[in-house]
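**Student:** Now for the letters of each chain:
Protein chains: 2
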Amino acid sequence: MTAPLQNDTFLRACLRQPTDYTPVWLMRQAGRYLPEYKATRVKAGNSFMGLATNVAYATEVTLQPLDRYAIDAAILFSDILTVPDAMGLGLSFGAGEGPRFAHPVRDEAAVKALAVPDLNKLRYVFDAVTSIRKALNGRVPLIGFSGSPWTLACYMVEGGGSDDYRLVKTMLYSRPDLMHRILEVNAAAVSAYLNAQIDAGAQAVMVFDSWGGVLADGAFQRFSLDYTRRVVAALQREKDGKRVPCIVFTKGGGPWLDELADCGADVIGLDWTVNLGQARARVGDRVALQGNLDPAVLFATPEVVAREAIAALDSFGPPQRSDGTWDGHVFNLGHGINQHTPLENVAALVDAVHSHSRALRSPHTASG
Amino acid sequence: MTAPLQNDTFLRACLRQPTDYTPVWLMRQAGRYLPEYKATRVKAGNSFMGLATNVAYATEVTLQPLDRYAIDAAILFSDILTVPDAMGLGLSFGAGEGPRFAHPVRDEAAVKALAVPDLNKLRYVFDAVTSIRKALNGRVPLIGFSGSPWTLACYMVEGGGSDDYRLVKTMLYSRPDLMHRILEVNAAAVSAYLNAQIDAGAQAVMVFDSWGGVLADGAFQRFSLDYTRRVVAALQREKDGKRVPCIVFTKGGGPWLDELADCGADVIGLDWTVNLGQARARVGDRVALQGNLDPAVLFATPEVVAREAIAALDSFGPPQRSDGTWDGHVFNLGHGINQHTPLENVAALVDAVHSHSRALRSPHTASG
Numbered sequence: 040m041t042a043p044l045q046n047d048t049f050l051r052a053c054l055r056q057p058t059d060y061t062p063v064w065l066m067r068q069a070g071r072y073l074p075e076y077k078a079t080r081v082k083a084g085n086s087f088m089g090l091a092t093n094v095a096y097a098t099e100v101t102l103q104p105l106d107r108y109a110i111d112a113a114i115l116f117s118d119i120l121t122v123p124d125a126m127g128l129g130l131s132f133g134a135g136e137g138p139r140f141a142h143p144v145r146d147e148a149a150v151k152a153l154a155v156p157d158l159n160k161l162r163y164v165f166d167a168v169t170s171i172r173k174a175l176n177g178r179v180p181l182i183g184f185s186g187s188p189w190t191l192a193c194y195m196v197e198g199g200g201s202d203d204y205r206l207v208k209t210m211l212y213s214r215p216d217l218m219h220r221i222l223e224v225n226a227a228a229v230s231a232y233l234n235a236q237i238d239a240g241a242q243a244v245m246v247f248d249s250w251g252g253v254l255a256d257g258a259f260q261r262f263s264l265d266y267t268r269r270v271v272a273a274l275q276r277e278k279d280g281k282r283v284p285c286i287v288f289t290k291g292g293g294p295w296l297d298e299l300a301d302c303g304a305d306v307i308g309l310d311w312t313v314n315l316g317q318a319r320a321r322v323g324d325r326v327a328l329q330g331n332l333d334p335a336v337l338f339a340t341p342e343v344v345a346r347e348a349i350a351a352l353d354s355f356g357p358p359q360r361s362d363g364t365w366d367g368h369v370f371n372l373g374h375g376i377n378q379h380t381p382l383e384n385v386a387a388l389v390d391a392v393h394s395h396s397r398a399l400r401s402p403h404t405a406s407g
Numbered sequence: 040m041t042a043p044l045q046n047d048t049f050l051r052a053c054l055r056q057p058t059d060y061t062p063v064w065l066m067r068q069a070g071r072y073l074p075e076y077k078a079t080r081v082k083a084g085n086s087f088m089g090l091a092t093n094v095a096y097a098t099e100v101t102l103q104p105l106d107r108y109a110i111d112a113a114i115l116f117s118d119i120l121t122v123p124d125a126m127g128l129g130l131s132f133g134a135g136e137g138p139r140f141a142h143p144v145r146d147e148a149a150v151k152a153l154a155v156p157d158l159n160k161l162r163y164v165f166d167a168v169t170s171i172r173k174a175l176n177g178r179v180p181l182i183g184f185s186g187s188p189w190t191l192a193c194y195m196v197e198g199g200g201s202d203d204y205r206l207v208k209t210m211l212y213s214r215p216d217l218m219h220r221i222l223e224v225n226a227a228a229v230s231a232y233l234n235a236q237i238d239a240g241a242q243a244v245m246v247f248d249s250w251g252g253v254l255a256d257g258a259f260q261r262f263s264l265d266y267t268r269r270v271v272a273a274l275q276r277e278k279d280g281k282r283v284p285c286i287v288f289t290k291g292g293g294p295w296l297d298e299l300a301d302c303g304a305d306v307i308g309l310d311w312t313v314n315l316g317q318a319r320a321r322v323g324d325r326v327a328l329q330g331n332l333d334p335a336v337l338f339a340t341p342e343v344v345a346r347e348a349i350a351a352l353d354s355f356g357p358p359q360r361s362d363g364t365w366d367g368h369v370f371n372l373g374h375g376i377n378q379h380t381p382l383e384n385v386a387a388l389v390d391a392v393h394s395h396s397r398a399l400r401s402p403h404t405a406s407g
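Protein chains in written order, with our numbering: chain A, 40 to 407; chain B, 40 to 407.
It should be emphasised that the hints constitute simulated quantities derived from the structure, not laboratory data. Among the hints, a few may not be true.
Copies of the same chain are indistinguishable here, so a pair counts whether it falls within one copy or spans any two.
Said to hold, decoys possible - Listed below are the simulated SDA-like cross-link pairs for lysine to any residue, each with C-alpha atoms no more than 25 Å apart in a straight line:
no.: 1; residue 1: LYS290; residue 2: ARG321
no.: 2; residue 1: LYS290; residue 2: ASP202
no.: 3; residue 1: LYS173; residue 2: GLY363
no.: 4; residue 1: LYS290; residue 2: GLY252
no.: 5; residue 1: LYS77; residue 2: LEU206
no.: 6; residue 1: LYS151; residue 2: ARG205
no.: 7; residue 1: LYS173; residue 2: SER361
no.: 8; residue 1: LYS290; residue 2: PHE132
no.: 9; residue 1: LYS290; residue 2: THR209
no.: 10; residue 1: LYS281; residue 2: ASN85
no.: 11; residue 1: LYS278; residue 2: GLY135
no.: 12; residue 1: LYS281; residue 2: HIS395
no.: 13; residue 1: LYS77; residue 2: ASP202
no.: 14; residue 1: LYS278; residue 2: LEU382
no.: 15; residue 1: LYS82; residue 2: MET66
Use the sequences and the hints to build the structure in full.
**Tutor:** Put into structure tokens, the structure is as follows:
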């Protein structure tokens, strides 16, 4: 039905298969740093959810960075909070503000009332996935995504972003039974949501555990990782005879890299505090790694961007090991691209990743 | 001149010497969660700097938590940004806001104009230290402190707090020469400032690298740790025949624990993402460890607080090793105490730390 994939480098790197170069994409690559994104957003009434819920607009902005840069994957334009919105919590984005829920989940009654939402309420997401797959026409693979159960719970309890996570952590420590109930519902909902994205055409999926890193050691394992693991275990991992890679990214998850590598995902995303070479040495034989340039590097000059990208590639090293097998590296930032990023620096990044990673694979330098 | 120290448990733990129990103090223990602090602040015109620059008020609020709780150390009431304020950057605290500098350091001219400040401009700090030492009358040791060179630089360039550290990281990556110049001045200023606090009576000093954890691996070593190391190397470590322990705390510094342990400090502070037992196994034979309860635990019940404190102590384990030598643990939070903390929970924490750590040292449980 759909056109054959012309560039499967990203999928191959996720699965630790041989690649000619290191694939690259950027978290939040369709976003406010692009003038064409801002133009489409104006058409959508300058509303984030206006963009995300309109299949034509969501398709348009998803493809915009691909027309500008030689990136190796597309990612669905959406938000991590669509699932709790479908649960009836009333998501909105104020002007210049972060997300807000009209009905945060803060007491036993609200927790008891939570349920896996009717997936028909998220039809706009699945329709966007199908539309984007069609529009991509095989250029690069499409990544679907969701927030992790814990990250969704943070927003659901706090009602928005937070500096200290006081409300959600108070519930976690005072009423762990309520927190576990929220996380169970979220895990079931996220699994169903991602499986529906795969049915609609997503060729890989990513779980954003954006706030896992705010948890204490011990609490992270019980309240974030255990539920991420449930999600991963419930995913369909093959579709139309092809493996559907799963990426898990815990911002600030460096301390738990070994445990993350055993969560069942094919790829672990890393933020910029992690040394790529050391991470590869620890877990590279179990999972591929994605990351991990500091998005702030993109505020410098194209020369600095290229130098830092090369340093990251060198830190990982040639992906082929001396025994002939391959480790996987998907180049990315360690967090979403910042709205103040100069456009030419993204081009410099993509070019440097592609050219230097090809050089790293040449017989003269590839020593494994 | 001053009264002999009645409780040196904190100092002994810092130096990995035998102790009867695990000492505890809390970052920001003199602060807004205490009603008596708020009352003194009203007397000072409801101004943070009004409190910090008035020797009598600074002394009063420093001692307030000691009158309420059996904590094992006092820490000077001040702010990490007094040094750049003395450099002429114009520190202020807006109502309900964080710190602001009227004259941020953002261009070459401003960087070139920076110099180590005349320490007489910080006389109010040293006078407070001397006054507090006198008022303590030997009850517990007094800790002096400063921000780290990097953390000061963040505020100096950004002009205040930041979400993305765009300005300071842009300078770091685009003009590392300017950033190094700021850090050199800061390192010299912080060293002189801490040495003057020691001369005034501080019995231990702590370097708060609050924003080291926002740096990428590699950048952290070059722009934060190298300058912290310079500060530590320049400190007087003995005063009146007594060792003056130095604590270094990098929030988010878990990924660099091994390198931090070699920075010359006696104690490394840990945030709550770090597993205490694993950290001890890695570096406990080189440095004492301070931390690391999530301050959010204090939002729960006294029972939960006690349980989590006990879990942290158990994670570290009995400080005496099987060969008879001692490792050091100073109990603390992994970050400053939150203003919404219930008072009774702090009492529960201190009691649990003291009683359980005594039990851990009993012959029945102390297996090293």
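**Student:** Against this structure, judge whether each hint is valid.
**Tutor:** Results of checking the hints against the structure:
1. LYS290 x ARG321: both (18 Å within a copy, 24 Å between copies)
2. LYS290 x ASP202: both (15 Å within a copy, 15 Å between copies)
3. LYS173 x GLY363: This pair counts as neither: shortest intra-copy Cα distance 37 Å, inter-copy 70 Å.
4. LYS290 x GLY252: Both. Shortest intra-copy (6 Å) and inter-copy (12 Å) distances satisfy the 25 Å Cα cut-off.
5. LYS77 x LEU206: between (34 Å within a copy, 23 Å between copies)
6. LYS151 x ARG205: within (21 Å within a copy, 42 Å between copies)
7. LYS173 x SER361: Answer is neither; intra-copy 40 Å and inter-copy 66 Å both fail.
8. LYS290 x PHE132: within (22 Å within a copy, 31 Å between copies)
9. LYS290 x THR209: both (21 Å within a copy, 22 Å between copies)
10. LYS281 x ASN85: neither (38 Å within a copy, 65 Å between copies)
11. LYS278 x GLY135: neither (39 Å within a copy, 53 Å between copies)
12. LYS281 x HIS395: neither (29 Å within a copy, 55 Å between copies)
13. LYS77 x ASP202: For LYS77 and ASP202, the Cα distance is within 25 Å only across copies (22 Å; inside one copy 28 Å).
14. LYS278 x LEU382: Neither way: LYS278 and LEU382 sit 36 Å apart in one copy and 56 Å across, limit 25 Å.
15. LYS82 x MET66: within (23 Å within a copy, 50 Å between copies)
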